[in-house]
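A.B. asks: Add chain U to chain W, keeping to what the hints say.
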Amino acid sequence: GAVVSQHPSRVICKSGTSVKIECRSLDFQATTMFWYRQFPKKSLMLMATSNEGSKATYEQGVEKDKFLINHASLTLSTLTVTSAHPEDSSFYICSAMASGRTYEQYFGPGTRLTVT
Amino acid sequence: TQLLEQSPQFLSIQEGENLTVYCNSSSVFSSLQWYRQEPGEGPVLLVTVVTGGEVKKLKRLTFQFGDARKDSSLHITAAQTGDTGLYLCAGESSGYALNFGKGTSLLVTP
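Protein chains in written order, with this note's numbering: chain W, 9 to 124; chain U, 61 to 170.
Heads up, a few of these hints could be off.
Claimed, not checked - Coverage of chain U stretches by chain W, computed from C-beta distances (three or more under 8 Å per stretch; other residues unrestricted): (1) 99 to 109; (2) 131 to 139.
To be verified - Here are the simulated lysine-lysine pairs, DSS-like style, with alpha carbons at most 30 Å apart: (3) U:117 / U:130; (4) W:28 / U:116; (5) U:117 / W:74; (6) W:50 / U:117; (7) U:162 / W:63; (8) U:162 / W:74; (9) U:117 / W:49; (10) U:117 / W:63; (11) U:116 / W:49; (12) U:130 / W:50; (13) W:74 / W:28; (14) U:130 / U:119.
In short, the hints are calculated from the structure, not lab data. These figures come from a predicted structure and were not determined experimentally. Where a beta carbon is used, it is the ideal one built from N, C-alpha and C, also for glycine.
Extracted from the complex, chain W is given alone in its bound form (with noise of 0.2 Å):
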């Protein structure tokens, strides 16, 4: 059980275009998702927190408008970069946190984005 996909695992694409990035829990209901990013031997970074049916929190720094975060359904929720650069290259994470049980996130396998 407890078992977060990610879509896709890894994408390549040119600078100025936009990706799209889905996380979804498959075997249960995640009222809140949460998007990281991690760079290069380094720990996660959270971006923002995903509720269902309502805006995304952000972080301190992280743009809203660049990383459009839409959590339309309780198994689905979508990043988008925006307008992507080199710079947006990194391993991208999402968590669900199970309905109910609100200290444990299951995470996806990550999407490698690379910007060229």
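C.D. replies: The following block gives chain U in isolation, referenced to the frame of chain W:
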């Protein structure tokens, strides 16, 4: 943001040795999680500790939550090469978001 300090940052040991990783903060956490992450993959939850002084065992791994719920430790007995990975502690205070430590990169050699 409540900071979590992990130590050591890097650890290279031989199979069969024991090791301890520490996670410290000046803040109190409602719960603390330990994760293990392999390159190119997402973190995998190992354990959640909630009660001050709590000790949990997962085979050769022993996790302890400090009495004041500000710190935690992970002890691995008789390390194996399969234990190699990045170990992350993460504390949850309010709002459910996790604050991650910087991680401990463990390499276990044969």
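A.B. asks: All the hints need checking, so say for each whether the structure fits it.
C.D. replies: Checked hints:
1. 99 to 109: holds (count 7)
2. 131 to 139: violated (count 0)
3. U:117 / U:130: holds, 19 Å
4. W:28 / U:116: violated, 39 Å
5. U:117 / W:74: It is violated: about 43 Å lies between the C-alpha atoms, which goes past 30 Å.
6. W:50 / U:117: holds, 27 Å
7. U:162 / W:63: Measuring from Cα to Cα gives roughly 28 Å; hence the hint holds.
8. U:162 / W:74: At roughly 26 Å apart (the allowed maximum being 30 Å), residue 74 of chain W and residue 162 of chain U satisfy the hint.
9. U:117 / W:49: holds, 27 Å
10. U:117 / W:63: Measuring from Cα to Cα gives roughly 39 Å; hence the hint is violated.
11. U:116 / W:49: holds, 27 Å
12. U:130 / W:50: Holds. Residue 130 of chain U to residue 50 of chain W sits at ~22 Å (cutoff 30 Å).
13. W:74 / W:28: This hinted pair holds, its Cα atoms lying about 12 Å apart.
14. U:130 / U:119: Distance ~24 Å between residue 130 of chain U and residue 119 of chain U Cα, so the pair holds.
Going through the hint list in order, the structure does not satisfy hints 2, 4, 5, 10.
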